[in-house]
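J.: Sequence:
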Amino acid sequence: MNEQLDNESNINPNDHEKLMKFLRGALSPEEESVFIEKLKTNPELKAHAVSVAHLISGLEVEGNNRDVTLATSIKDADRSKTEKQTKVRNIIVWCARAAIFVGLVLLLVLYNRNSETQQLADEYQNTFPISEIFRGGNDDVTEINTLFTNVLNDKDLKNTITHLSDCFEQSLQPNFNQYTTYMPQIGWYLAIAHLKNNDKPAAKSTLKTLINNTEPEMLVHKKAEELLSKL
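The letter at position 228 of the sequence shown is residue 228 when you use our numbering, and the numbering goes up by one with no holes.
Treat the hints as calculated values from the structure; they're not laboratory data.
Every residue gets a Cβ at the ideal spot worked out from N, C-alpha and C, and that includes glycine.
The reader is advised that the hints may include incorrect statements.
[Said to hold, decoys possible] Derived DSBU-like pairs: lysine-lysine, alpha-carbon spacing no greater than 35 Å straight-line:
no., residue 1, residue 2
1, 38, 21
2, 40, 21
3, 208, 158
4, 38, 87
5, 155, 87
6, 46, 87
7, 208, 230
8, 38, 155
9, 18, 46
10, 200, 155
11, 155, 204
12, 208, 223
13, 204, 222
14, 158, 230
15, 46, 21
16, 223, 155
[As the list claims (entries may be wrong)] Label-pair restraints from in silico Cβ distances:
no., residue 1, residue 2, range
17, 88, 200, 38 to 44 Å
18, 226, 165, 32 to 38 Å
19, 199, 89, 38 to 44 Å
20, 89, 200, 37 to 43 Å
21, 205, 88, 43 to 49 Å
22, 41, 87, 32 to 38 Å
23, 122, 178, 26 to 32 Å
Please work from the sequences and hints to get the whole structure.
T.: This is the structure:
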């Protein structure tokens, strides 16, 4: 026993670390091949490896056939490594499939929501036809007319929404300006533009503002409440 301890005390710490990794199956194929060759040519390291293998495997009494024990430990380590790799691979595959499934579900939900939003926009966009809003013409009316037309044609929605938002904000000011008269229609077309842009929260906010700034008996007020209830 004392001789064994002396032999083990002479083991290079780096070799001991590699032995532990070897028994755990944590060495790369190249490192593993080099280490096995070293076991064959280094009796002290081989004896140490056999002792460690016995301890890891839970053996209380060292047998005489240490080479066989080491081979068995190596085989078990390889099997454990393979099983671990298989388990990890299965987990990765399962996670990938789950991610794809969740992604498909989210896309389906998003598509359904967007489809519903687009349907509402198409259903309500002609509630207040442009031809009935404007009579005569001036530069201000032409600007608003163009913006409304963009909404109906899904044209340049981002910039159209930006300009309509500015017009709507100005139309809500207490002082009369060129947009005041068209405040209800501007708010309505802005809400429709948000729906076409799949921005339901912005559409809801615009409709609420429109409802709060129009009289209950007005058609635009009633239509805004009706549309809001469907969002």
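J.: For each hint, tell me whether it holds in the structure or not.
T.: Now the hints, each set against the structure:
1. For a cut-off of 35 Å, the pair hint linking residue 38 to residue 21 stands: about 14 Å separates their Cα positions.
2. Under the criterion of a C-alpha separation no larger than 35 Å, the hint pairing residue 40 with residue 21 is consistent with the structure, at around 17 Å.
3. Taking the CA atoms of residue 208 and residue 158, the gap is about 21 Å. The hint holds against a cut of 35 Å.
4. At most 35 Å may separate the alpha-carbon atoms for a hinted pair to count; residue 38 and residue 87 meet this at roughly 31 Å.
5. For the hint linking residue 155 to residue 87, the alpha-carbon distance of about 53 Å lies beyond 35 Å, and the restraint is violated.
6. Note on residue 46 and residue 87: the hinted pairing holds, with a Cα-Cα distance of about 31 Å set against a maximum of 35 Å.
7. Simply put, residue 208 and residue 230 have alpha-carbon atoms about 13 Å apart, close enough for the 35 Å limit, and the pair holds.
8. Annotation: proposed proximity of residue 38 to residue 155 is violated, straight-line Cα distance about 74 Å (limit 35 Å).
9. A threshold of 35 Å between alpha carbons decides the hint, and for residue 18 with residue 46 the separation of about 12 Å falls inside it, so the pair holds.
10. For the suggested pair residue 200 and residue 155, the alpha carbons sit about 18 Å apart, so the restraint of at most 35 Å is met.
11. This hinted pair checks out: residue 155 and residue 204 have alpha carbons roughly 21 Å apart, not beyond 35 Å.
12. A threshold of 35 Å between alpha carbons decides the hint, and for residue 208 with residue 223 the separation of about 12 Å falls inside it, so the pair holds.
13. For the hint pairing residue 204 with residue 222, the CA-to-CA distance comes to about 14 Å; that is within 35 Å, so the pair holds.
14. Of the supplied pair hints, the one linking residue 158 and residue 230 holds, its CA atoms being roughly 24 Å apart against a limit of 35 Å.
15. Taking the CA atoms of residue 46 and residue 21, the gap is near 15 Å; set against the 35 Å cutoff, the hint holds.
16. The hinted pair formed by residue 223 and residue 155 meets the criterion: a straight-line CA distance of about 24 Å does not exceed 35 Å.
17. For the pair residue 88 and residue 200, the beta carbons lie near 42 Å from each other, so the given range of 38 to 44 Å is met.
18. At about 23 Å, the beta-carbon gap between residue 226 and residue 165 misses the expected band of 32 to 38 Å.
19. Between residue 199 and residue 89 the beta carbon distance is about 42 Å. The supplied range of 38 to 44 Å therefore holds.
20. Look at residue 89 against residue 200: about 42 Å separates their beta carbons, and that is inside 37 to 43 Å.
21. Taken as a hint, the range 43 to 49 Å holds for the pair residue 205 and residue 88, whose Cβ atoms sit roughly 48 Å apart.
22. Between residue 41 and residue 87, the C-beta spacing of about 35 Å keeps the proposed range 32 to 38 Å intact.
23. Between residue 122 and residue 178 the beta carbons are some 30 Å apart, a value that agrees with the proposed interval 26 to 32 Å.
Taken one by one, the earlier hints fail for this structure at numbers 5, 8, 18, listed in ascending order.
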